[in-house]
Every structure is written in structure tokens, then in C-alpha cells.
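Residue numbers (the working numbering), protein chains in the order written: chain A, 1 to 314; chain B, 1 to 327; chain C, 1 to 334.
If you are wondering where the hints come from, they were derived from the structure by calculation, not from laboratory data.
Keep in mind that this is a model prediction, so the values were computed, not measured.
Built from N, CA and C at the ideal position, the CB exists for glycine as well.
Treat each hint with caution, since some may be false.
Said to hold, decoys possible - The list that follows gives simulated cross-link-like pairs (lysine-lysine, BS3-like), each with its CA atoms no further than 30 Å apart:
| hint | chain 1 | residue 1 | chain 2 | residue 2 |
| --- | --- | --- | --- | --- |
| 1 | B | Lys91 | C | Lys253 |
| 2 | C | Lys83 | A | Lys34 |
| 3 | C | Lys67 | C | Lys83 |
| 4 | A | Lys154 | C | Lys253 |
Claimed, not checked - Cβ-Cβ distance ranges computed for the label pairs, FRET-style:
| hint | chain 1 | residue 1 | chain 2 | residue 2 | range |
| --- | --- | --- | --- | --- | --- |
| 5 | C | Val52 | A | Glu164 | 30 to 36 Å |
| 6 | C | Gln19 | A | Glu164 | 30 to 36 Å |
| 7 | C | Pro51 | A | Glu164 | 35 to 41 Å |
| 8 | A | Pro215 | C | Asp102 | 56 to 62 Å |
Residue-level listing of the chains:
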Amino acid sequence: MDSATSVARLVPDELEAPPLSLRELVWRRFRRHKMAIFGLVMLVALLAYAFVPSFFISEDYANHTDTSLRLHAPSADHPFGTDTVGRDILARTIYGGQISIIIGLTAAILEVLAGVLIGAMAGYYGGLLDSLLMRFTEAMLNIPQIFLLIVMAKFFASGIPNIEFLGREYSGSVVVIVLIIGLTSWPYLARIVRAEFLSLKEREFVLAARATGTPTRQIIFGHILPNCIAPIVVTATLGVANAITLEAYISFLGMGVRAPTATWGNMLENANNYIESAAWLWFFPGLLIVLTVLSINFLGDGLRDALDPRSRTL
Amino acid sequence: MNTLLEVSDLRTQFHTPEGNVFAVNGISFNINEGETLAVVGESGCGKSVTMMSILGLIPIPPGEIVSGAAVYRGRDLLKMSEHELQRVRGKEIAMVFQDPMTSLNPVLTVQRQITESLRTHMGMDAPIASRRALELLDLVGIPDAARRLNEYPHQFSGGMRQRVMIAMALACQPSLLIADEPTTALDVTIQAQIIELAMRMRDQLGMAMIWITHDLGVVAGLAERVIVMYAGFIVEEAGVDDLYDDPRHPYTLALLGALPRADRRRHQRLKSIPGAPPSLLVQPRGCPFAPRCELAADKCWAESPSLRPVGAGHRLACWFDVKEMAS
Amino acid sequence: MQAIPLIFILSIVLFVLMQNIGDPLATLGGRTVTRAEDRKRLARQLGLDQPVLVQYVYWLAGNDWTKIDMNGDGIPETPGTRKGVLRGDFGTSLTERRPALDVIGDRLPNTLLLMLMAEFVIVAGSLLLGIYSALRQYSFFDNLVTGISFVGYSLPIFFVALVSVYIFSVNFQRWGLPHLPPNGMFDPNVGETVGQVLVHLILPVFSIAFISFAAYSRYIRSTMLEVLSQDYIRTARSKGLTRRNILFVHALKNASLPIVTIVGLDLPLLLGGAVVTERIFAWPGMGRLFLDGVSRGDTPVVMGILMIIAVAVVFFQIVTDLVYAWLDPRIRYG
Chain A
1 MDSATSVARL
11 VPDELEAPPL
21 SLRELVWRRF
31 RRHKMAIFGL
41 VMLVALLAYA
51 FVPSFFISED
61 YANHTDTSLR
71 LHAPSADHPF
81 GTDTVGRDIL
91 ARTIYGGQIS
101 IIIGLTAAIL
111 EVLAGVLIGA
121 MAGYYGGLLD
131 SLLMRFTEAM
141 LNIPQIFLLI
151 VMAKFFASGI
161 PNIEFLGREY
171 SGSVVVIVLI
181 IGLTSWPYLA
191 RIVRAEFLSL
201 KEREFVLAAR
211 ATGTPTRQII
221 FGHILPNCIA
231 PIVVTATLGV
241 ANAITLEAYI
251 SFLGMGVRAP
261 TATWGNMLEN
271 ANNYIESAAW
281 LWFFPGLLIV
291 LTVLSINFLG
301 DGLRDALDPR
311 SRTL
Chain B
1 MNTLLEVSDL
11 RTQFHTPEGN
21 VFAVNGISFN
31 INEGETLAVV
41 GESGCGKSVT
51 MMSILGLIPI
61 PPGEIVSGAA
71 VYRGRDLLKM
81 SEHELQRVRG
91 KEIAMVFQDP
101 MTSLNPVLTV
111 QRQITESLRT
121 HMGMDAPIAS
131 RRALELLDLV
141 GIPDAARRLN
151 EYPHQFSGGM
161 RQRVMIAMAL
171 ACQPSLLIAD
181 EPTTALDVTI
191 QAQIIELAMR
201 MRDQLGMAMI
211 WITHDLGVVA
221 GLAERVIVMY
231 AGFIVEEAGV
241 DDLYDDPRHP
251 YTLALLGALP
261 RADRRRHQRL
271 KSIPGAPPSL
281 LVQPRGCPFA
291 PRCELAADKC
301 WAESPSLRPV
311 GAGHRLACWF
321 DVKEMAS
Chain C
1 MQAIPLIFIL
11 SIVLFVLMQN
21 IGDPLATLGG
31 RTVTRAEDRK
41 RLARQLGLDQ
51 PVLVQYVYWL
61 AGNDWTKIDM
71 NGDGIPETPG
81 TRKGVLRGDF
91 GTSLTERRPA
101 LDVIGDRLPN
111 TLLLMLMAEF
121 VIVAGSLLLG
131 IYSALRQYSF
141 FDNLVTGISF
151 VGYSLPIFFV
161 ALVSVYIFSV
171 NFQRWGLPHL
181 PPNGMFDPNV
191 GETVGQVLVH
201 LILPVFSIAF
211 ISFAAYSRYI
221 RSTMLEVLSQ
231 DYIRTARSKG
241 LTRRNILFVH
251 ALKNASLPIV
261 TIVGLDLPLL
271 LGGAVVTERI
281 FAWPGMGRLF
291 LDGVSRGDTP
301 VVMGILMIIA
311 VAVVFFQIVT
321 DLVYAWLDPR
331 IRYG
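Sequences and hints are given; from them, build the entire structure.
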């Protein structure tokens, strides 16, 4: 039998499980979420659908009316059929998709900017500023967003003229829609950001930063904000889906983006009258909206799990 | 003395996304009627999982009791249906858990939580059960019990809550009480009170007790026999005096050496055990303590020693025998 | 509670917005008003010639405490007749020339009917589904429900509505199956009977409820799972209590807390959904009234609806808080 002179062989902890950087950890968790990957892939496919074909199909074609061709069912010439004035629906969903997606993105950006700013101010400074901002936020949250949107849409109706951008003409109503969606969506994010700030500002690293004389702006944007990136990213992602949906609602009700610009939403505007006779009028844009929103939701779900596995709600 | 519970070769694993966790790797022990057995070991050594496996309380999708038997009064608990187990739990074998704050239901009154067992197992109707609950609260030393009955757990202090847990466990006068680190979450002074209460109850009711702890200091006045566990194995088992006077396993020795003692010279550094417990994700091969053992030899790495008797009521799982080596 | 003062601030903003919308002076009693003097007279009668702030004050607090100029000579001489919103007078609808409250009151019950039915379906259905899914975690049923729920709550309402109309109304009819009516509250030939209304309710309620139902099932499922993994459930099992006891007493009582919160605060979303649904199904409710009112610039009606909604939402929040406090002993006997 061996004598007791063998030295204990210690296995270093690090060999068993090397520590991962934050980014690697997040990516690892994200990758495990098959639905999120699926959502990402589908989203890329949809983006390709909306933007790539514009190299082959001109916008004029999408807007070309020919009443002799009105309300044709899907066929080889027009895979998605034609609408009430003879325009090709496939082409319109492509160009419409561009606008819908752009609206979604820009409205979400606006929402994030406003929501983060207001939430951070309220959460960090507290006191009277917080009270005022939060009362206003709560009041806005008390009224269903659609009602606000309807009123604001009518108000700004002819306010903004058509815009020329990159050689194409856009209806001024696009800007209006982006503005009002952004302006009515920020309260939700502001509340979340404020809650994060309220809890984070009591933490020691903030105390340390203040003790070393760090200017307030740096504390807010350089120290606290990076720590609450997770809920902001998730909410922003879902905000894009929300914005696309809202644009569709508003356009469906007749108050959204106007001609000549097409969006998935305003293609649904007359769907009511043609439910039975021309289902292709609303089915294709509707389906595209559903697919886009779905893939963004999958993505957002995966992001939420990856960035903060503790927050399991929906 | 009759054998109350006989556990043989219990093996429990958890199937997780990171791999298979080998939580309990062949545990065998007995407990007799009226006896107090202490189970000692570090966090994660499988003490709780063993007890929960016996009562069928581990969640079965990730968990799996791979093999073994737990014979209680002639019937194997591991082979019982959920329905049959429900009649054993709370009535014959009761458990007290570590954290009384989270272990009590926050939205039900204390009275409700105590009378539940009485009504389920003893068929008592409400007024009788309530009276019995009152008696129990008195028994465990809750002052002003009549008023406290209708209060909610958050209205009690930590020590009081643990007393309530004990009252709940004792309601149907079980033959065996399993206490899983009941004092770990409490102040030291309260700890002593709870231990004293448990002992009093045990004597009054003549019940057997399994007391799980990672604190060797607690064991001394409380238990008759001690089991030392490590990484899902039993490494040593002995009568309590025997263990303290005559420890044979390097781990036990190290544990005792790590105990802060009043009679030691001051300014002497506390001996801690170098290294860390092994990852339970790895299939155990060889003695689990080998990486941290000063005596470890090739044989220890190759083959896991099984428990062998080394004295009266004293079993040891080690290729060496510290006692023999000293002589 | 503190939201009420700020709702009024919002109301100012909205009131101002409403001023630029539509042209309520354009028609009167169905006839277009063309002569300038007629327009001026109408404007005076309706109080639209006053500055915006004055109009707001009259709207809020009435004008029976002051005199207004009715005959155009620039001198206020006639006492006003309005009591203002604060005293329950929502003014006169500019398009229908009836008290705004009456106009709203005609439509309000219909919307309420729709929403209450929807809420009931949502809560009952998702409780059942959510609890069942939690108990059968990882089973095929559970995964199926989770998948469908996920897709379900991503769908926009109009898509659900359009598709359900297409399937259950149009195509069922084509296939000779009993079909569901897609329009209105009742068949004018049959009259407004309970049976008619119920049948006409099916599709709209389904459209509103489907999405929330999908969302709630998931939420209830995850809440139940979380509750079931708590220590006190382990204690309950160790006491040998039956599965049913553990589920319905120990688990559900704890799970109901977050559920109550969500249900109570869901009201704004349901209301929003009602607007679109009422349009699609031609349901004579408040949502449609709102749309029409905005298009035509009927400020009193629009503001009336907004105020009612805002107050209702706040009221429900208070009720939810109270119910929550009542259910959770940690708050009651904190």
C-alpha cells in the first residue's frame, strides 16, 4: 500500500468550468432558444423580401393603376392578385413593407429616446420632477393608445407636406404616423426605466462614482444606463412590432398613411367591404404583418431570456 | 430496538441541460425507533436529496431515483404510489425544513396550516382540530397562542416560525421526524432554543429523529448516532461519542479539525479543508474525497471504498484507517 | 388617485387638439350651412366663437354662472345653461344636437356588453388552460398550447377578426354550415332579441378575446409554475396533502395575486381592441361613435368618451388595488 507521502492533488476550479464573458454568456443563452433563432431568420427573410426586390420592380409599377385589371384573383401575372384600382398587390406589399418596417423602426427609436430620457430623469432625480413626470406618464397610460392615436392622427392630418427623399416621394403622413406612435408609446418604457433607475441609483457603484466627483450626466449615461440595457433592448424590440401593428390599425381605420405611399396597413383599409369577394386584398398584407410581428416577438422573447433569465413573465 | 426505516443503496440523479447530476450515489443506513440520527456534511453533499428521495418529494422530470429501497415498517417507500405516499407523509414521517419564511404559505393562517394535517390524516373535524392546533402551539412554546392561531406567517419572528413548523410536523404524532437544517437560518441563541424544543418533543413523543446539519457543533448534545456524507456518499458512520473521540475518515478528521473550539489556544489559525467539493456532474470514480485528501494514493483514485465495519456501530469508507496508521 | 388631476391636464391638451379637427359648423340638421351669417350665428349658439381656453372652461365648469352673447351684439346678456363636465354635463353633441351624454349613453351599453363578455371568456378560459398546462408541463398538450398561444398573442386584432369572419361566416355559408353573422347586433328582420344578440356577439367577442386569451394562458401557466416551485408547496407535499388540496388551496391562492393585477389593468387594451372590432363588425358601440366623432369634429362627444374611459380605467385600478390588498394578508396585516 502506498505510504501517506502523496500530496493531495488539487484540481483547480478554473479547469472545470472556465468563466465566460458577458457577451458570450448572452449569446450562449440566446442560441439555445430555438424560437428566437427562427424569429431572427424569418425577420431577415422578411427584410430581404421588402428591400431586395426594389432593384427589379420599380415603384411606379407598384403604383400603376389600371382599372381594367381591377380585383383580379391571384394569377401567374399577379401572384397576389390586384386591388380595387388594378395595382399589383405583390409589388405593393414589397414597397408597402419597406414603409411599414421603416415606420416600425423609427417609431421605436423615438419611443426609446423619449422613454429612456424621461424615465431616467424621473428615476434619478426623484422628488418633484419625478412626481410630475410620473403623473403625466400614468395619465397617458390610462387612456388606451388607440384613442390618442386617432385624435392625433386627425389633428395632424394635412399638417405635413409630401417629402422627397432619395428620389422617391413619400406622403407626409408617414412622418405623422411615426411621430404620433412614438409620442404615445414612450410612457410604457419610461415607467420601466424609471423603476430600474430607482433601484440602481442606491447601489454602491453609484455612490462610488459620486464620491469621486463624476458629473451627473456621466453617472446617468455611463454608469446606470448600461446596467439596465436589458429591459430597454427587449422593450424596444417589441416596440417595433407594436408600432407596425399600430400603424396597421390606424391605417385600417382610415386615418393612417395616405396615398401615394403604400403600407401594409393601408392596404387593409377597404378590406371590410371585400372580405368575401376579394380575400386576397387583405390576406397577403395581413399575413406579412403577422409574420413580421411574430418573428419580432420570438426574437424579443429570446433576447429577454438571454439578457435576463430571471425575468420570466410572458 | 426495532428498525424503523432501512435505506439500501439509494441512488438519485438529476437530468439537467448541463448534464447528469449524481446527487446520491449509493446510500445505505438504518434508523431505529426512538433513535436520533444526525446527518452531517457540506452543502451539496446530498443530505437533503436523500431525505427528499425517501419521501418521494423530488421533482421527477429532472430527478430520478435510479435504484435503491427505503423500507419503512416493512414497506418500500420508493415503490409506493403517490396516493399511498400521501398517507405516510405528515402522518408517519414528517419533515421540518430549513427556511421557515419560505416554507410556510404566506396567504394561509397558521391555524389552517396546522389543522390541515389533522383533518386530512386523523379525520378530525374543524373545531376539534382547532383545539388541537392550539395545544400544539402551546406545546412548542408560542406565547398567547389563542390569538396567534389566526395570524399569518409574516407576523411571526424567525424563531417563532420555526416553532410553528415543528408544531405542524408533530401534529399527527409521526414516528419519524426528519429535520433538514432547521436551525441554519436562525440566530445562534434561537438555534439553541429550537434544538432544546426538538429534544423535548422527541422525548415526550418517543419519536425517531433524523437531524441534518452541516454544523458538527450542533450534533454533540443532540444525536445518538452520526452519519458523515460527502459528495453523495456516506464516508463514516458511528455513535456520537465514538465519532468525536475516534474519527477514522480523513474528511471527518478535517471537519473536526476545522471546528473552532473554546479549548484551543488563541491565535491559532482555523484549519480549513483545502480545495472544493467535486462537481456532481461527473460520474463518480474512485473515492470522492481523494482530490482533497492528504493520504490519497493511487488506489483511492481508481476505486471507491465501500463502508466496512471498524468497531462497534462504527463504519468507515476509506482504504486507509487513520487509527491503524497512528499506531 | 393622483392620476385624476393629470387626466384633466391631458383633457386640456386633447381639447385643444380637437379644435382643429373637422368642421362641425358645416352641417346643421342634415343641411349644409352656406351663408356666412348663418355660420356665425351657429358658432355663437354653440359657443364656438370663444377663445379656446374659454371654451375649455365652459366645457369643464359650465357657463351657467356667467352670461353669454346670444344675439351677436357683442354684449353678453343671456345666462348660460351648461353645467360643465364637473357636474355631469358633457355638453351638446355638435352633430346630433342632443346632450352628448345621451348620445354616448346610447352606445355605451353595447360596448360594455361586448367587453364584459370578452373579459369573462378570457378569464375563465385562460385560467382553465393555464392551470392545466402548468400541471402537464412539457407534455405534448402543453407544448402545443404554448406554441399556439405565442402565435395567438402576436396576431393583430383585425387579422383575427377578418379571418374568423372569412371562415365562420362566409365560408361556412358557402359550405352549407350554420354560419355566424358578421354584422351588427341583431338581424333587423328578427328584432333585438336576446338570442339574436348572443349569436351576433360570438364573432366579435372571439376576436377580442382570442389574443388576450392566448397571452393570459401563458402568463397563468408561468405564474402557476413559479408558485408550484415554492418552498411552501414542498412543505405541503411533505404533510401528505392531496394534490387537489395543494393545487386549489395552497397554489391558487398565491397565484391569484398577480393574476388579479393583470386582469384589472388589462382594461385599456380591451377598450382599444373594441374600436377596431366595432368597426369590422359594425357593432353599434362607443368605439365607432368615437371614430365618427373625431372625423366630424364633435368635440363634446369625443371628450365625453375620453373622460369616461379615463375615469373608468382609474376606477378599475383602484378596485384592483383594493382586491389585491384584500387577498394578500401581508398587506392587510402588514
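Consistency of the hints with the structure:
1. A threshold of 30 Å between alpha carbons decides the hint, and for lysine 91 of chain B with lysine 253 of chain C the separation of about 25 Å falls inside it, so the pair holds.
2. Using a Cα cut-off of 30 Å, the hinted pair lysine 83 of chain C and lysine 34 of chain A is violated, with the two alpha carbons roughly 61 Å apart.
3. For the hint linking lysine 67 of chain C to lysine 83 of chain C, the alpha-carbon distance of about 13 Å falls within 30 Å, and the restraint holds.
4. Between lysine 154 of chain A and lysine 253 of chain C the CA atoms are separated by roughly 47 Å; this puts the pair beyond 30 Å, and the hint is violated.
5. The hint said 30 to 36 Å for the Cβ distance between valine 52 of chain C and glutamate 164 of chain A, and at roughly 35 Å that hint holds.
6. Roughly 31 Å separates the CB atoms of glutamine 19 of chain C and glutamate 164 of chain A, a value that falls within the hinted 30 to 36 Å.
7. The hint said 35 to 41 Å for the Cβ distance between proline 51 of chain C and glutamate 164 of chain A, and at roughly 38 Å that hint holds.
8. The hinted window of 56 to 62 Å between proline 215 of chain A and aspartate 102 of chain C holds, with their beta carbons roughly 59 Å apart.
Violated hints, in rising order: 2 and 4; the structure is consistent with all others.
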